[in-house]
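Visitor: For reference, the chains in residue letters:
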Amino acid sequence: MDFPFISTILLTPILAILLLFFIPPTSKKAIKLVAAIAMLISFLLTIYVYINYDSSAGGMQFVEKIPWISDLGVSYAVGIDGISLPMLFLTDIIGLASVFSSWNINKRPKEFFILLLLLIAGVTGTFIALDLFIFLLFYELVVIPIYIMVIVWGSTKRVSKEYAGMKLTIYLLIGSAFMLVGIVALYLQAFPPGMRTFDIATLSSAHLYGTLSIQFQIIVFFLMLLGFGTLISMFPFHTWSPDGYAGAPTAVSMIHAGVLKKIGGYGLIRLGLLILPAGAKFWAPLIIILGLANVIYAAYVAIVQKDLKYVVGYSSVSHMGYVLLGFAALNTISLSGAVANMVAHGIMSALFFAMIGYVYEKTHMRSVDQLHGLAHQMPKIATGFMLAGMSSVGLPGLIGFIPEYTIFVGLFAQYPILAIIAVSGIVFTAIYILRVLQKVLFGPRDSSFDRYDDAKGAELVPLFLLGTILILFGLFPQLLMAPINSGISPLGPFLERLSAAPSLLFTLGGI
Amino acid sequence: MEHFALTNTWLIPLLPAIAFVLIGLFFKRWAAISAFIAVLASAVSFILSTFAAFAVLNSGISVDAPFIQRVTWAEIAGLHFEMGALIDPLSVMMLFVVSLVSLLVQIYSIGYMQGNKSFGRFFAYLSLFSASMLGLNIAINFVQMYIFWELVGLCSYLLIGFYYQRIAAREAAKKAFITTRIGDFGLLIGILLLQTVFGTVDFLELKQILPLYIASYGTSTLTVIGILLFIGPIGKSGQFPLHVWLPDAMEGPAPVSALIHAATMVVAGVYLVARAYFLFASVPALLELIAWVGAFTAFFGASIALSQREIKRILAYSTISQLGYMMLALGVGSLTASLFHLFTHAFFKSLLFLCAGAVMHAMSEEADIFKMGGLRKKIPLVFAAMTVGVLAISGIPPFAGFFSKDEILSAALSVSTPMYLLATLTAFMTAFYMSRLLFVVFFGEETKAKLHNISYFMQVPLVILAILSFGSGLWGYICDFGYWIRFGAPLEEHMNLSIAILSTLLPLLAFALTWNIYVRKRWSADYIANKLGILYTVSFHKYYIDEFYALLCRIFIDGIGKIMYFIDIYIIDGIVNAVSGLVLFLSILLGKLQTGQTQRYAAAFFCGVVILLLCGILYFNTISGIVAGGGAL
Numbered sequence: 000m001d002f003p004f005i006s007t008i009l010l011t012p013i014l015a016i017l018l019l020f021f022i023p024p025t026s027k028k029a030i031k032l033v034a035a036i037a038m039l040i041s042f043l044l045t046i047y048v049y050i051n052y053d054s055s056a057g058g059m060q061f062v063e064k065i066p067w068i069s070d071l072g073v074s075y076a077v078g079i080d081g082i083s084l085p086m087l088f089l090t091d092i093i094g095l096a097s098v099f100s101s102w103n104i105n106k107r108p109k110e111f112f113i114l115l116l117l118l119i120a121g122v123t124g125t126f127i128a129l130d131l132f133i134f135l136l137f138y139e140l141v142v143i144p145i146y147i148m149v150i151v152w153g154s155t156k157r158v159s160k161e162y163a164g165m166k167l168t169i170y171l172l173i174g175s176a177f178m179l180v181g182i183v184a185l186y187l188q189a190f191p192p193g194m195r196t197f198d199i200a201t202l203s204s205a206h207l208y209g210t211l212s213i214q215f216q217i218i219v220f221f222l223m224l225l226g227f228g229t230l231i232s233m234f235p236f237h238t239w240s241p242d243g244y245a246g247a248p249t250a251v252s253m254i255h256a257g258v259l260k261k262i263g264g265y266g267l268i269r270l271g272l273l274i275l276p277a278g279a280k281f282w283a284p285l286i287i288i289l290g291l292a293n294v295i296y297a298a299y300v301a302i303v304q305k306d307l308k309y310v311v312g313y314s315s316v317s318h319m320g321y322v323l324l325g326f327a328a329l330n331t332i333s334l335s336g337a338v339a340n341m342v343a344h345g346i347m348s349a350l351f352f353a354m355i356g357y358v359y360e361k362t363h364m365r366s367v368d369q370l371h372g373l374a375h376q377m378p379k380i381a382t383g384f385m386l387a388g389m390s391s392v393g394l395p396g397l398i399g400f401i402p403e404y405t406i407f408v409g410l411f412a413q414y415p416i417l418a419i420i421a422v423s424g425i426v427f428t429a430i431y432i433l434r435v436l437q438k439v440l441f442g443p444r445d446s447s448f449d450r451y452d453d454a455k456g457a458e459l460v461p462l463f464l465l466g467t468i469l470i471l472f473g474l475f476p477q478l479l480m481a482p483i484n485s486g487i488s489p490l491g492p493f494l495e496r497l498s499a500a501p502s503l504l505f506t507l508g509g510i
Numbered sequence: 000m001e002h003f004a005l006t007n008t009w010l011i012p013l014l015p016a017i018a019f020v021l022i023g024l025f026f027k028r029w030a031a032i033s034a035f036i037a038v039l040a041s042a043v044s045f046i047l048s049t050f051a052a053f054a055v056l057n058s059g060i061s062v063d064a065p066f067i068q069r070v071t072w073a074e075i076a077g078l079h080f081e082m083g084a085l086i087d088p089l090s091v092m093m094l095f096v097v098s099l100v101s102l103l104v105q106i107y108s109i110g111y112m113q114g115n116k117s118f119g120r121f122f123a124y125l126s127l128f129s130a131s132m133l134g135l136n137i138a139i140n141f142v143q144m145y146i147f148w149e150l151v152g153l154c155s156y157l158l159i160g161f162y163y164q165r166i167a168a169r170e171a172a173k174k175a176f177i178t179t180r181i182g183d184f185g186l187l188i189g190i191l192l193l194q195t196v197f198g199t200v201d202f203l204e205l206k207q208i209l210p211l212y213i214a215s216y217g218t219s220t221l222t223v224i225g226i227l228l229f230i231g232p233i234g235k236s237g238q239f240p241l242h243v244w245l246p247d248a249m250e251g252p253a254p255v256s257a258l259i260h261a262a263t264m265v266v267a268g269v270y271l272v273a274r275a276y277f278l279f280a281s282v283p284a285l286l287e288l289i290a291w292v293g294a295f296t297a298f299f300g301a302s303i304a305l306s307q308r309e310i311k312r313i314l315a316y317s318t319i320s321q322l323g324y325m326m327l328a329l330g331v332g333s334l335t336a337s338l339f340h341l342f343t344h345a346f347f348k349s350l351l352f353l354c355a356g357a358v359m360h361a362m363s364e365e366a367d368i369f370k371m372g373g374l375r376k377k378i379p380l381v382f383a384a385m386t387v388g389v390l391a392i393s394g395i396p397p398f399a400g401f402f403s404k405d406e407i408l409s410a411a412l413s414v415s416t417p418m419y420l421l422a423t424l425t426a427f428m429t430a431f432y433m434s435r436l437l438f439v440v441f442f443g444e445e446t447k448a449k450l451h452n453i454s455y456f457m458q459v460p461l462v463i464l465a466i467l468s469f470g471s472g473l474w475g476y477i478c479d480f481g482y483w484i485r486f487g488a489p490l491e492e493h494m495n496l497s498i499a500i501l502s503t504l505l506p507l508l509a510f511a512l513t514w515n516i517y518v519r520k521r522w523s524a525d526y527i528a529n530k531l532g533i534l535y536t537v538s539f540h541k542y543y544i545d546e547f548y549a550l551l552c553r554i555f556i557d558g559i560g561k562i563m564y565f566i567d568i569y570i571i572d573g574i575v576n577a578v579s580g581l582v583l584f585l586s587i588l589l590g591k592l593q594t595g596q597t598q599r600y601a602a603a604f605f606c607g608v609v610i611l612l613l614c615g616i617l618y619f620n621t622i623s624g625i626v627a628g629g630g631a632l
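So the sequences go chain by chain: Z and E.
Sequential numbering from 0 applies to the first sequence in numbering that gives the first Met the number 0.
Sequential numbering from 0 applies to the second sequence in numbering that gives the first Met the number 0.
In isolation and in its complexed conformation, chain Z is listed as follows (with noise of 0.2 Å):
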């Protein structure tokens, strides 16, 4: 057997658990460099994939498969495809960015990165998972750190950090409720007794057998759009997420709006769309209206937003409001925008939650009104702002403009009326984002700012490593856009038959 590169990506930051389990909590430099240490392997690892994944040839790669509960189908089984693994690199680029954001942390700083690295590894497993039932383990293991890391190392302002902690709690929870009743029925549904299995490629040929009836898949994919579109902050079950972001600390911010969001987007394409087609093509109009409120009203209020980070809270809802949109415009085009966009989206939020977060160290300020001319103290920290924010405008050269481009091609496509409105976000994101940067960043110089720094040393590296990645899919989109490719374009034909499925009672047709 190969060197198991996938399980070694999730056990690194489990390994560095335990080990920091044994590292007195005074010793604070050996802890974030434990934590720092596990994340740079894991990511190293994670490019290694990334290049050596053959996107010509797509499909899965990388698998492992160890079989565990056998009565009940279950087995440990991880691998990558064109979907997941931009959705690894994500995870992994981001997860060791939040480390090194984190490093001036002091209060409990060894509980802190367990329980960060306990949130990477979570993460992770989800991603990578090909059996549901490890998928759903994985996933409910995420909810518990970010709960205590927000009400202990969280900041109150607007609501308290306890009520922002419970919010985002309570919201996970009931979400992936709805979304557990839907996979047990999957599960019993799908197969008869005796074959039943939680391996996801084996229940997305089910719908082909015929055990899945349109009014099951329906249903069930109602379900799991509770949970999933909770997760993504779909319209109106968004309001955890500016109130989570803001009373998150950096790392939490950076992860939660980065990475775990998009395991929504990822949980529809995977397990709703691919393994209950005719359910997503009927709520699909659904899900285009409301994601189309997710990308105008969110941008509205983000525009009379003065706290930073409920206007990155709003405006992460917004852009997810196109990754919406891409998914249920339903064709090869706007998917593979859909995917490209949560990985864009998710590098430009960490960037700018790491930059207020920093802004927020030094200030303890994070108020529109409050802050202006930091570019004289903190040129660093503005460049971070500025090239995150221009990505979020959807600036070509940055990571931004082909996602988007692309699910407005797709989009265009279903439903030109409904694209229209959706392409004049642009305008907004601009009006809101430039706004902001130009108020707290340019200006006259206020000498009451000259005693804080610029970012420096470790706290760079999120702005390097990020802004590195902004640039560079910028400027060569396909090597964002070939791994997508390759696990979205073989959908094709399956799309194409289902295009004649029914849907819901209005058809937008031709809107």
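One should not assume that every hint holds.
Said to hold, decoys possible - Chain Z is nowhere near these chain E residues, computed Cβ spacing over 12 Å in every case: (1) A172; (2) T423; (3) K449; (4) L450; (5) F456; (6) V459; (7) Y526; (8) F565; (9) L585; (10) L592; (11) Y618.
As the list claims (entries may be wrong) - According to the in silico footprint, chain Z covers these stretches of chain E (three or more CB under 8 Å from chain Z): (12) 140-148; (13) 153-164.
Claimed, not checked - Subject to a maximum C-alpha distance of 35 Å in a straight line, what follows is the list of computed DSBU-like cross-link-like pairs (lysine-lysine): (14) Z:K156 x E:K561; (15) Z:K379 x E:K370; (16) Z:K305 x E:K116; (17) E:K541 x E:K520; (18) Z:K379 x E:K116; (19) Z:K438 x E:K27; (20) E:K561 x Z:K305; (21) Z:K438 x E:K116; (22) E:K561 x Z:K361; (23) E:K370 x Z:K438; (24) Z:K438 x E:K541; (25) Z:K305 x E:K541; (26) E:K561 x Z:K379.
No lab work stands behind these hints: they were computed from the structure.
These numbers were taken from a predicted model, which means no experiment stands behind them.
Just so you know, even glycine gets a beta-carbon here, dropped at the ideal spot from N, CA and C.
Given the coordinates of chain Z, assemble chain E onto it according to the supplied hints.
Guide: Quick look at chain E alone, frame taken from chain Z:
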């Protein structure tokens, strides 16, 4: 060398891009090295552009048979993105103009920006701009053009806000970005429609598909696409009603105004229409729209310029007006006249801006022309250069503007008399505000201010541009610009003597008026302004359009935003919190049952047993009833 230049045109934008990276990453602290790298890159780009132009001339490449290189940039199933170089007379002319003006402006900036602590950053931005603009010029498809279109927008944003410590600069930068973004919104939808309808955005492929498409489907879709695409140029080229950002953009340093907001970036809109002329020209209604937008903007811009006081703002409104001329020319079907004017305008307008920069530099950044005066003896070289610029823009023969403007006027006359009259009136106004500027700044009472020195770095570009402003029109006329550009069949207009005479006499009349008002003071300017009453007020306040937009913004952006936020917090979150409150209430209620008293638990237990028994009896009765009744069981 010609062959090398032709086959390696991608180097032309790449060199400044490399300069940007080098300066930005390594050398921005060292002013001299930064400037050297930037100027060197621009110079080589200019040389390559010139050779490429010769190569095009000598190898028979025409608009209909361009030289194209392409590579795949990104590709997914059903959609691929290409980048490349489309070399034809149109694009090499643009390459030549852009690289030349870039080079001269960079040389000028060495003097102008001397001592600025962000000197290196300035040259990095300028290099990035050159790279983006040159990349735009050689675009082979709409997406590539859009990409560089956005990048020049970014550079414009960065350079307008270059003095970021100034609130005005930062607000102007934001305004420029957002206003042009509204235009880009239209452009992007147009491009998406092209992609959806035709499956391609490649200029050449579209050009081939279009006639067939029109033959079978008519022009209605095309009209929609054309209007949407044209919104982009309205934003970028400062056409009414999206012109508002351009005057504010003057917050940037003068070389930026000269390069980006006069000679190059703002003509990108004109260039886009010219590049996609096969599309616009196939729908007459579109051309008419473009012509009227252009004609109105020309008049509109000039009418505001008449009353402005800040030297660069006058020039900015003048730019808006001149861009209107170019659009008008496109609209009335004369690509040649439009590009000829683009060509000459690039020289005389950048000359005017650089002169304005020199004046402001000498006057310690004073911008109000009425606080200057009598400068002709103190800075004679700038005076001479500015005079050339004013004569050129006013269309006095044999200066450059005369020939290009004349072609536009005669093209307009051949299509519509009202447009011609509007354009001629604009020509008169142009001469009026330009001579007003010249006379107020350089004649009259001498200013007491002590003037700063103007270095050779600033003087040399002025001289070169003055020569070009003098000669480029005549050269174009003699060498038959239209033929040289070879837009397929020769399209160039011939000189119409009556138009030429009228368009020479009117500016001279304007000069006489301004001479009497501002130099001889025969008539009081204030008195005239008072007499004009509302007309003057409206012009001075720029038709109150900025105020109107601010109001719209307050209602439709902030107002709706506040309502949405209210909904978010009080309705959506209100429901969420109400549900959680309900759960909490129920849990408290149920919690009350847990008293810890055994007697109560026993009582509850007893009640439970009774209820269960009752249920059991009821159930059995029902069943036995059904059985007894010989029911279905």
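Visitor: Determine which of the earlier numbered hints do not hold for this structure and return their numbers in increasing order.
Guide: 1, 8 and 15
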